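Kindly generate the complete structure, drawing on both the sequences and the hints.
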Amino acid sequence: MRLQTGCCAMLIFGQTAQVLIALGIFNVWLLRFNKPTGYRGKGAANMREEFAAYGLPVWAMWLIGGMKITLAVGLLVGLWFPALVVPCGVGMAILMIGAVAMHVKVRDKPARAVPALVMLALSVLVVAF
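Its first residue numbered 12, the sequence shown is counted upward by one per residue in our numbering.
There may be inaccurate statements among the hints.
Pairs of lysine-lysine, BS3-like flavour, derived with a Cα cap of 27 Å [to be verified]:
hint, residue 1, residue 2
1, LYS120, LYS46
2, LYS116, LYS53
3, LYS53, LYS120
4, LYS116, LYS46
Each pair of labels, with its calculated beta carbon distance range [to be verified]:
hint, residue 1, residue 2, range
5, ALA94, GLY54, 38 to 48 Å
6, PRO47, TRP73, 12 to 22 Å
7, ALA112, ALA139, 21 to 31 Å
The hints are simulated quantities; they were obtained by calculation from the structure and are not laboratory data.
This structure is a prediction, so every number in the text was calculated from the model and none was measured.
Glycine is no exception: its CB is placed at the ideal position from the N, C-alpha and C atoms.
See the structure below:
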């Protein structure tokens, strides 16, 4: 059950997590899609190379990216329509578990999985609060 008005600090905490997740997803999938970062799997130079490093086809990149962006938008819309928050938070958590698993699969340095782990933790917090 989502907190409504009884605990303002927790509500604000959960909503802040929603916004942070959305901004992080938009940053990675829209602003840095074709740019290298220190967190890409196997040191890939862009998203397409990263998915190739994981052994995933190009269509999987588009599907997962579309799902992440849709869920991020859902988390933002959930600020006004709270019924969206739990399903979008659960969906994002599942995708972040998959992201961490891909880093493990290719034996990346643990530091490369940190953003996915942070997003996973924030997703769990969103669902809880």
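Results of checking the hints against the structure:
1. LYS120 with LYS46: Holds, because 20 Å separates the two Cα atoms, which is no more than 27 Å.
2. LYS116 with LYS53: With a Cα-Cα distance of about 10 Å, the restraint between LYS116 and LYS53 holds, given a limit of 27 Å.
3. LYS53 with LYS120: Given pair LYS53, LYS120 holds - Cα atoms ~9 Å apart, limit 27 Å.
4. LYS116 with LYS46: 22 Å, holds
5. ALA94 with GLY54: 38 to 48 Å: 41 Å, holds
6. PRO47 with TRP73: 12 to 22 Å: 20 Å Cβ-Cβ, so the 12 to 22 Å window holds.
7. ALA112 with ALA139: 21 to 31 Å: 22 Å, holds
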